[in-house]
Every structure is written in C-alpha cells, then in structure tokens.
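Chains as they are written, first to last, in numbering that gives the first Met the number 0: chain A, 0 to 91; chain B, 0 to 142.
Please note: incorrect hints may appear among the correct ones.
Dumping the calculated DSS-like pairs for lysine-lysine here, alpha-carbon to alpha-carbon at most 27 Å [said to hold, decoys possible]:
1) A:Lys2 - B:Lys66
2) A:Lys11 - B:Lys53
3) B:Lys62 - A:Lys31
4) A:Lys11 - B:Lys18
5) A:Lys42 - B:Lys18
6) B:Lys66 - A:Lys11
7) A:Lys11 - B:Lys1
Think of the hints as simulated: they come from the structure by calculation, not from any bench.
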Amino acid sequence: MAKIIIPTPLRKFTSNLAAVAVKEGTVIESIKDLTVQFPELAKHLFNEKQELRGFVRIFLGEDDIEDLQGNDTNVAQGDTISIIPAIAGGKN
Amino acid sequence: MKILIVPSALRDIHDIAEKSYPYECCGFFYGHIENDLVHVLEATEVINDSVENKKVHYTIPPKAFMKAERYALEQEKALLGVFHSHPDHPPRPSGRDLEDALPELSYFITNVHQGQAIDTRSWRLTEDRVFIEEQIEINYSNK
C-alpha cells in the first residue's frame, strides 16, 4: 500500500484522517482508490469532466508530479502522496 | 457560519487590498471556531503568484498553503480561510472562484473601489459546491 496525506480542509470527508492507505499503481489510480474509500471527496477533487480540479496539486514524496510523469507517475509500495491545494480565483 | 473578526485583522486585509490595487491581493486568516462561530484573529498576506493578469486573477502556490498549515499549528490556531480582492468589482465569487474553491474554508472578498477598500463579504462552499454568504460582524472584544 501507499499513503495519501490529506490537507486539513478535506479531512472532514476522510473521517478526519490525516493520512489514508491506498493501492499503489499510478498516481491517478491511487487517488481514485481514495475516492472509492471516501466517495464524498470525489466532487471536491474532480470536476464534471472527471479531471482533477485546478487547485489540486499532487506531490510524490517531495516532488510535484508535474515534474515527473504527471497522473501516470508510478506509485510504489510505501510511497507517500500529498494532496496540496494551490488556491486560485479572481474576478474574471 | 457567522464570522466574528477583530478590527485589526479586518484593517490588515483592507490595507493589503489597498496597497495591492489595481492588482488582486490574497492571503490567509487564522483564529478558531467555537459554537459555529468563526473567530478571525489574524490575517497574513501571500504574494499573488498568478502567471495570468493579476488585475483579475490570483494564485496561492501549494508551498504557501503548506507553510500556512504549519504556521497555524505553531500558533495553535486554525487556518480558517482565504482572502482576496476584487479591484473595482463587486465582492461576489466569480465562476473561477467557485471552480477552484475548497470546502470547509471561508472566502473573504474585498471590493477595492478606486484604491479604497469599501466592502468585505464572506462566502463558504456548501457540500453541493455552491457558495453561500456568511455574515461578518466586527468583534470589538478582540477575543
């Protein structure tokens, strides 16, 4: 199993768990496993097109997955994934 | 939820919004939640990291969020929400504000009209991902 660290505002949807054990595979498969365990989380992580929302940044260990292979980055047993919000918005 | 904010925190948000005009400012605020009341005690600025037009958009990078969570822990306060400004625009969430919003946080928006902060409103995302307005009241007891 791998582990996903949950940011404080989303812990309400993981029974207040700060970290959740998930299946390894690719990053997106691990995150999908998280939303299978906690379905209420899905609408906050994914938009209507089932793409990760703009604010959702994923780190594998210390590395932004955008600097690796994106959603297809391999997740091995014992790896730690962090979901970190990049907050954005504005009048336009 | 209802917001109770100490005057110094609201003044800081307005000062930051005015200083940043005509660009959007952004930052976090901290305090605690008690009996469904959000007590805002402190606000701190984050430099708008948007690579788009900062007059209409703001970005708080992931590392700033990590830092804010750590700061709240050290200060024994809760990270309560995010503030940003709408220069010469009503303090209502845009479609973009909604698309990227997180649940369980309050979103303050300050309308800065011709360089002067005139109104701050608070919004919170429901579980159905709709923004509802929260009442803001000044807490003169500073607690």
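Hints and how they fare:
A distance of roughly 21 Å separates the Cα atoms of A:Lys2 and B:Lys66; the hinted pair therefore holds under the 27 Å criterion. Proximity of A:Lys11 to B:Lys53 is assessed by CA-CA distance (about 32 Å); at most 27 Å being required, the pair is judged violated. With a C-alpha separation of about 24 Å, the suggested pair B:Lys62 and A:Lys31 falls inside the 27 Å cut-off, and the hint holds. Using a Cα cut-off of 27 Å, the hinted pair A:Lys11 and B:Lys18 is violated, with the two alpha carbons roughly 36 Å apart.
Straight-line distance between C-alpha atoms of A:Lys42 and B:Lys18 comes to about 36 Å, which puts the hinted pair past the 27 Å bound. At most 27 Å may separate the alpha-carbon atoms for a hinted pair to count; B:Lys66 and A:Lys11 meet this at roughly 21 Å. At most 27 Å may separate the alpha-carbon atoms for a hinted pair to count; A:Lys11 and B:Lys1 meet this at roughly 19 Å.
Hints 2, 4 and 5 from the earlier list are contradicted by this structure; the remaining hints agree with it.
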